[in-house]
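Spelled out from the first residue to the last, the chains are:
Protein chains: 2
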Amino acid sequence: MDEKRQAGTSLASVGEFGLIGRLAQAWQGAAPCGIAHGNLGGLSPVIPPEGLRLGIGDDAAVIDVPGGKPLLVTTDMLVEGVHFLWSPERRRLLGRKALAVNISDIAAMGGVPAWAFLSIGVPAGANVEEVEELYAGMGEMAARFGVALAGGDTVRSDKWVINVTLLGLATKAPIGRSGGRPGDLILVTGTVGDSAAGLHLLLSEESMMAAGKGASESNEAHISEADRQALLLRHLDPTPRVAEAMALVVHGGVTAMMDVSDGVSSEVHHLCRNAGCGARIDLANLPISPAARRLARREGREVFAWALSGGEDYELIFTAPEERVPGLIDHVRRETGTDVTVIGRLTDGAAGIMAVYPAEKGGEAVPLAAKGYNHFR
Amino acid sequence: MDEKRQAGTSLASVGEFGLIGRLAQAWQGAAPCGIAHGNLGGLSPVIPPEGLRLGIGDDAAVIDVPGGKPLLVTTDMLVEGVHFLWSPERRRLLGRKALAVNISDIAAMGGVPAWAFLSIGVPAGANVEEVEELYAGMGEMAARFGVALAGGDTVRSDKWVINVTLLGLATKAPIGRSGGRPGDLILVTGTVGDSAAGLHLLLSEESMMAAGKGASESNEAHISEADRQALLLRHLDPTPRVAEAMALVVHGGVTAMMDVSDGVSSEVHHLCRNAGCGARIDLANLPISPAARRLARREGREVFAWALSGGEDYELIFTAPEERVPGLIDHVRRETGTDVTVIGRLTDGAAGIMAVYPAEKGGEAVPLAAKGYNHFR
Numbered sequence: 375m376d377e378k379r380q381a382g383t384s385l386a387s388v389g390e391f392g393l394i395g396r397l398a399q400a401w402q403g404a405a406p407c408g409i410a411h412g413n414l415g416g417l418s419p420v421i422p423p424e425g426l427r428l429g430i431g432d433d434a435a436v437i438d439v440p441g442g443k444p445l446l447v448t449t450d451m452l453v454e455g456v457h458f459l460w461s462p463e464r465r466r467l468l469g470r471k472a473l474a475v476n477i478s479d480i481a482a483m484g485g486v487p488a489w490a491f492l493s494i495g496v497p498a499g500a501n502v503e504e505v506e507e508l509y510a511g512m513g514e515m516a517a518r519f520g521v522a523l524a525g526g527d528t529v530r531s532d533k534w535v536i537n538v539t540l541l542g543l544a545t546k547a548p549i550g551r552s553g554g555r556p557g558d559l560i561l562v563t564g565t566v567g568d569s570a571a572g573l574h575l576l577l578s579e580e581s582m583m584a585a586g587k588g589a590s591e592s593n594e595a596h597i598s599e600a601d602r603q604a605l606l607l608r609h610l611d612p613t614p615r616v617a618e619a620m621a622l623v624v625h626g627g628v629t630a631m632m633d634v635s636d637g638v639s640s641e642v643h644h645l646c647r648n649a650g651c652g653a654r655i656d657l658a659n660l661p662i663s664p665a666a667r668r669l670a671r672r673e674g675r676e677v678f679a680w681a682l683s684g685g686e687d688y689e690l691i692f693t694a695p696e697e698r699v700p701g702l703i704d705h706v707r708r709e710t711g712t713d714v715t716v717i718g719r720l721t722d723g724a725a726g727i728m729a730v731y732p733a734e735k736g737g738e739a740v741p742l743a744a745k746g747y748n749h750f751r
Numbered sequence: 375m376d377e378k379r380q381a382g383t384s385l386a387s388v389g390e391f392g393l394i395g396r397l398a399q400a401w402q403g404a405a406p407c408g409i410a411h412g413n414l415g416g417l418s419p420v421i422p423p424e425g426l427r428l429g430i431g432d433d434a435a436v437i438d439v440p441g442g443k444p445l446l447v448t449t450d451m452l453v454e455g456v457h458f459l460w461s462p463e464r465r466r467l468l469g470r471k472a473l474a475v476n477i478s479d480i481a482a483m484g485g486v487p488a489w490a491f492l493s494i495g496v497p498a499g500a501n502v503e504e505v506e507e508l509y510a511g512m513g514e515m516a517a518r519f520g521v522a523l524a525g526g527d528t529v530r531s532d533k534w535v536i537n538v539t540l541l542g543l544a545t546k547a548p549i550g551r552s553g554g555r556p557g558d559l560i561l562v563t564g565t566v567g568d569s570a571a572g573l574h575l576l577l578s579e580e581s582m583m584a585a586g587k588g589a590s591e592s593n594e595a596h597i598s599e600a601d602r603q604a605l606l607l608r609h610l611d612p613t614p615r616v617a618e619a620m621a622l623v624v625h626g627g628v629t630a631m632m633d634v635s636d637g638v639s640s641e642v643h644h645l646c647r648n649a650g651c652g653a654r655i656d657l658a659n660l661p662i663s664p665a666a667r668r669l670a671r672r673e674g675r676e677v678f679a680w681a682l683s684g685g686e687d688y689e690l691i692f693t694a695p696e697e698r699v700p701g702l703i704d705h706v707r708r709e710t711g712t713d714v715t716v717i718g719r720l721t722d723g724a725a726g727i728m729a730v731y732p733a734e735k736g737g738e739a740v741p742l743a744a745k746g747y748n749h750f751r
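If you read the protein sequences in the order shown, they are chains A and B. Using our numbering, read the first sequence as starting at 375 and increasing by one per residue. Using our numbering, read the second sequence as starting at 375 and increasing by one per residue.
Any given hint might turn out to be false.
The list that follows gives simulated cross-link-like pairs (lysine-lysine, DSS-like), each with its CA atoms no further than 30 Å apart [as the list claims (entries may be wrong)]:
| id | chain 1 | residue 1 | chain 2 | residue 2 |
| --- | --- | --- | --- | --- |
| 1 | B | 533 | A | 745 |
| 2 | B | 533 | A | 533 |
| 3 | B | 745 | A | 533 |
| 4 | A | 546 | B | 546 |
Simulated from the structure, these hints should not be mistaken for lab results.
Only chain A is shown next, with the shape it has when bound in the complex:
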């Protein structure tokens, strides 16, 4: 066995974001001075590495193609048993979601998705129809948002692995995470926490099934079928907010934007860290669906936890100066039918990142933990 493995630094001790930072350094350490012209046979290369306007650490990279519009690129890897279970009923939904989460990243930069590259690892015992169902699901999502399948790789592996790289183009200037300023309001599209509620339902139904009881015998039987379906679909079949992002870009005034993939808490921390700001989030203002509230009440769960830390809502969270906010909210609702809600405000960095409880829960302001989903803890 590999003894060095025991002696080294555990992934859990540095966490996902710590790891990313160290890896960028490992790469950089080996890359002293850009292009080695000697290796190009004396020909000077066409593109300077400066084409990379925005690299690691946002929803998508921004590349300035000489003479062209800024290119947006995002990539995501999904592994069976870690990110999904490979079940016959859900292959098509899995395909849809695998592309949707990448489309969401492009939208969160203010861009339009365009070209997808798919690498999939397929177990030797799988059959062609299984892979086709996955692709058909991706194709449905692609058709809805005008994405072309442009390339990929198909390899053998023990477990299913899906890697999507999606390219898009910025419509106007790409919107990063770092443009927020103290005083800007923080807004979110749609509702947050539904995906976590749906996951909760899914897991409890599955454990009921495993215990030999039908879903109808579980606690969830007390939830209306409409609530159940709505919450499950928010988790299994999220809709990327491309139309809302376009409406925001066209209206103008957005200073920073991300999608809610890890949870509102985690995303607020990103927006603050990148801008050197603090924040106050009013928990009473979090847009939480009646269905999620009902489920939380019946399960004895804290609905704020789902909204703040659940993640995978794929809503847009963004900041804008206060005077632009009413117009933005109106414009998005008119163009897309989607509600946009003010959930807080960026503050001076020294004020920290605080969550304010609703008056009926005491109205206390407490530090907001950045407990989004972290793959290595």
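Following the hints, put chain B in place on chain A, whose structure we already have.
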């Protein structure tokens, strides 16, 4: 268990290329008419899907960014246990090679590599230093060819998984696989078969080790250390032919080009299929290194098999009209020091794809089997 799995079409029965075709159809079947404008909130999208000039089936996709140079994109997934073993001595080399094979794809289109996106699946028990070594290897290769790390994803998985998506820019017009015409000569850079010879050495040394004998007791002890190192490095640390590709592009006259990743046989079949041509390959002319010849002789192996079917040489194979060939060969040698060899000629499609044995082996012409490496057979 999943009963449909038994009833479906096995991957082995369609093969890797058959699967790719069916998947493209599954995707297309779901994508009736490009962009659904309704989903973009009434805003017409910035890019038409027609930007995709060349999709699945070449070394890299070609995308026409509005106003910009053609973008080249390639992606490759490597899985532990299928494509590599995760050993402490070879992590850095693995990182180098994972990037090198993608750089080779960009070079094979006549482009310059630029921006890399890395997704890696990391086992829970791994430590940070292991991942850093992998990245450091990639960084070395990146520095050599001016590639910037532009983004990626880091996830947990059972086995190590490495997915590289590499973007580059075409220098002049991208060079695809379909431009060859009957009468064009077929040429290859450097030598072919060394990587397969290196893999043979590696596997026999490893089986010796497993049997408790040192490498020095094995047959390979009869090979000079210089030969051994040269062949192992061709397999473990390939150099993408970026400089040679640039020299070819600058000189002009190349009608079709690929890299030799699956083996000369397989690549010749690709060049012929895409152009509707046949081919005659003169086995006597295959550029095979003295080291590979010596190893084949001592091992009682057919050196042509390594050259034709071994793959992973990452040389360039290309076609050009006969009158341009002397100038091309001279130019590449002068600019890069690399030899280029004529190995055959494209013929009329009806003539088939034939291999001609050397005179001392009878001079017979036999159909050339397309037995490159295929992941699912």
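Hint by hint, here is what the structure shows:
At most 30 Å may separate the alpha-carbon atoms for a hinted pair to count; residue 533 of chain B and residue 745 of chain A meet this at roughly 27 Å. About 9 Å separates the Cα atoms of residue 533 of chain B and residue 533 of chain A, which keeps this hinted pair within 30 Å; it holds. Between residue 745 of chain B and residue 533 of chain A the alpha-carbon distance is near 27 Å, which keeps this suggested pair within the 30 Å criterion. Of the pairs offered as hints, the one joining residue 546 of chain A and residue 546 of chain B holds, with about 28 Å between alpha carbons and a cut-off of 30 Å not exceeded.
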